[in-house]
Structure formats: structure tokens, C-alpha cells
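S.K.: Read off the chains here:
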Amino acid sequence: MKKLFLAAVAVLAFGSFSYSAVHFQPANFEMKNDQYLLFIDCFQHSIDFLEDLESTLGYGLSWSHQTLILNDVYASCECVGNGNCYIE
Amino acid sequence: MKSIIKLYGNIFLILLTVSVFSQNNKLEVVYKADVARSSSQSKPSIHRKSIDKVFETISTIEMSLFYENGKGVFKVQNTLSPSDKMNNLEFNVSKVILDVVDVYFYDTQSNEVVVLKKDIDYEFHVFYSLNRFNWTIESESKKISGINCYRATTVNYYYDKNNVKEEFKVIAWYAPNVSVPLGPIGYSGLPGLILELEEVGRRRYFATNIFFDTDFEIKNFYEVNKGERISEKDFNVLLKSKYEHFNNLIKN
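Respectively, the protein sequence lines represent chains A and B. The first sequence begins at 1 in the working numbering and counts up one residue at a time. The second sequence begins at 1 in the working numbering and counts up one residue at a time.
Derived from the structure by calculation, the hints contain no laboratory data. Take these hints with a grain of salt, some might be off.
What the hints assert, rightly or not - List time: in silico SDA-like cross-link candidates among lysine to any residue, alpha-carbon distance up to 20 Å: (1) B:K233 with B:E166; (2) B:K169 with A:L61; (3) B:K169 with A:Y59; (4) B:K233 with B:Y158; (5) B:K169 with A:S62; (6) B:K26 with B:P181; (7) B:K117 with B:D102; (8) B:K49 with A:D52; (9) B:K165 with A:G60; (10) B:K165 with A:L61; (11) A:K32 with A:C79.
Claimed, not checked - Now the in silico label distances, taken between C-beta atoms and shown as ranges: (12) A:K32 with B:N163: 29 to 39 Å; (13) B:I144 with A:C85: 40 to 50 Å; (14) A:Q35 with B:T136: 52 to 62 Å; (15) A:I40 with B:S45: 18 to 28 Å; (16) A:D41 with B:E123: 28 to 38 Å; (17) B:I144 with A:N82: 43 to 53 Å; (18) A:K32 with B:D215: 52 to 62 Å.
Glycine is no exception: its CB is placed at the ideal position from the N, C-alpha and C atoms.
Using the sequences and the hints given, assemble the complete structure.
M.R.: Next comes the structure, spelled out in C-alpha cells:
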């Protein structure tokens, strides 16, 4: 569920806030500062990755594919950042 | 005289192929794919190395279409061990780009394609008609692995991040002599096996090997009896409602 939530949050923020993580305020998330910084960092990292990937491909991906990719990149980043590895 | 020999040679090859196929009623086609790469990407990026690795991975991924007595399964081949896959971001991203995260099941008797969508909290069998695509069959032909193929075109679509429907052209090369109306990633409904398929400007799938006498049991791959069945239309509505739900959650 966490994975799905993060994916949905990421893809929605990607669509709704012009790729800027700065505007993003998690509504029902309680995080410590370091967790929050990692969240923002990995969130931005996954969006940048997706932007670069689409630019390399030369075409846009469907939003369901974007969700999957954001999800995987976010999970990979968090895994490196705090050892919380839940990549399937 | 030479051309007559060549013609008879080709006819013999096709007859042999069809004969072998009808005897066994089993078929495995191995596909590989290439993906469009824009030439205009110039800005340096910290992700360049990882994205290059994604493209390298895509070129090595093999997918198989298994067919036996009216049933087919299309899936990515397990080239990595589960532990490698767990830590391999590039492999996961490549599967998404090639649209092989899901497994595709075909049933020519019930005229259905079923896509198994698995996530952490759901498992759906999204179904649509085998004849969902409105193909235009053309007279242009070419040989793929010695098998005569004809060109057919259609239009497919996807929803972008703003939920706007985007269409793209699809070109398929199918073999009328192999009477299996299936192909890669859910494409189907042609009067022959699809050996090459291009989503124009996006990606291309092409057969690298065709085996007519492989040793497999389709029932070992066929999982359509488990999980909840949902039509493609209803599944899209469900995804859209999830999308809107989270959108409202964030806005509020």
C-alpha cells in the first residue's frame, strides 16, 4: 500500500505541480526531518529520471507507465538512502 | 528455371513449416525489441549512465509467445535471478518501457485477451476482445526468417499524464501460413502470426526464433482462472478514479 501510495503521490505531483517537489506538502504523512528530506530528495530524483528518460526516448509514456517507473526509481533511491528496500 | 526451383523451394519450406506446426499444435516464438532513441538529447544528466544501461538492457531482453491448441501466453523470459531482479532498477524500467511487466493470455476459442495486472494490493485480470484492433490489411509483403509476411496497420492509444488520449500508428507483419492470430504485447486478430510489430516512433518487436516442436505445457503458464476479472474499460475507470481520489487528497 505504501508503494502504491508513493507512486500515486509521485505521479500526481508530477502532473499537478509542474515537476516541482518544493510545492508538495504531504497531507497525511508524519515524518521525521531526515525522512522528509530523503522523501523530497528521492521524489525529485525519480521525477528527474523520468524526465531524462522521456527526453531520451523522444516520446511520452502513458501515466500508468510513468507511475511504475517513478515507483521503481523512488524505491531504489530510498533503498540506497536508508536501507528500506522493498523493490519487488 | 532457377526461379522455378526457388519458388518450389519456398513452397516446400512453407508446407513443411505448416505441416510441422499442425502435427504438434505447439509453437514458441522468441521476440526481441528495440526502442526509439531521440538524437536531440544534448543536456548532460546525472541519470545518463543509468538510462544508457536501460537501453542496453532492453536490447538483451527476450520475450516469448507460447501457443498450444488455441491458447497463448506472452511474457518476458526470466533472464535474471529473483535476487538480481530485486536490485535491478534498469531491468524493471526496461520491462515497463517494453510493456512486459504484465503477462498476456490469449484464448482463441473465447476470443479473448486477458492481461494479468499484479500490484502489491490487487490482482486483476483485465480482458478485451482478441479482435479489438481494426486492422487494415495491405498487399505489401516481405520474408521474415524465410516465412512470407504481409503488412497490416492499425491505430492504438495510451493516456498521458494529464489523462489525455494519445494515438499512434501500429504496423504489423504477419504470416498467413502460420494460422495463429496472435502477436506480442496483446496485439492480435490478424489472419496469421505476427512476426514483427512496430509502434511507429516508439518501439519495435521482432521475432528472432520460431520453434515448432518445443517442450512445454501451456497449462503451466496459464493463470487466468485466479484473480478478479475486469474489462479494460472498467479497469481504466477504476484507475482514473484512483487518480482523482489521490488528486483530491493532495489538493485538500
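S.K.: Hint by hint, note whether the structure agrees.
M.R.: Each hint tested on the structure:
1. B:K233 with B:E166: holds (16 Å)
2. B:K169 with A:L61: Distance of about 15 Å is within 20 Å: holds.
3. B:K169 with A:Y59: Measuring from Cα to Cα gives roughly 13 Å; hence the hint holds.
4. B:K233 with B:Y158: holds (13 Å)
5. B:K169 with A:S62: This hinted pair holds, its Cα atoms lying about 15 Å apart.
6. B:K26 with B:P181: holds (14 Å)
7. B:K117 with B:D102: Roughly 6 Å between the alpha carbons, so the hint for B:K117 and B:D102 holds.
8. B:K49 with A:D52: holds (11 Å)
9. B:K165 with A:G60: holds (12 Å)
10. B:K165 with A:L61: Holds. B:K165 to A:L61 sits at ~12 Å (cutoff 20 Å).
11. A:K32 with A:C79: Within the cut-off at roughly 17 Å; holds.
12. A:K32 with B:N163: 29 to 39 Å: holds (35 Å)
13. B:I144 with A:C85: 40 to 50 Å: holds (42 Å)
14. A:Q35 with B:T136: 52 to 62 Å: Holds, at about 54 Å.
15. A:I40 with B:S45: 18 to 28 Å: For A:I40 and B:S45 the Cβ distance comes to about 19 Å; the hint holds.
16. A:D41 with B:E123: 28 to 38 Å: With a Cβ separation near 32 Å, A:D41 and B:E123 satisfy 28 to 38 Å, so the hint holds.
17. B:I144 with A:N82: 43 to 53 Å: At 49 Å between Cβs, range holds.
18. A:K32 with B:D215: 52 to 62 Å: The hint (52 to 62 Å, Cβ to Cβ) holds, given that A:K32 and B:D215 are roughly 55 Å apart.
Violated hints: none; the structure is consistent with every hint.
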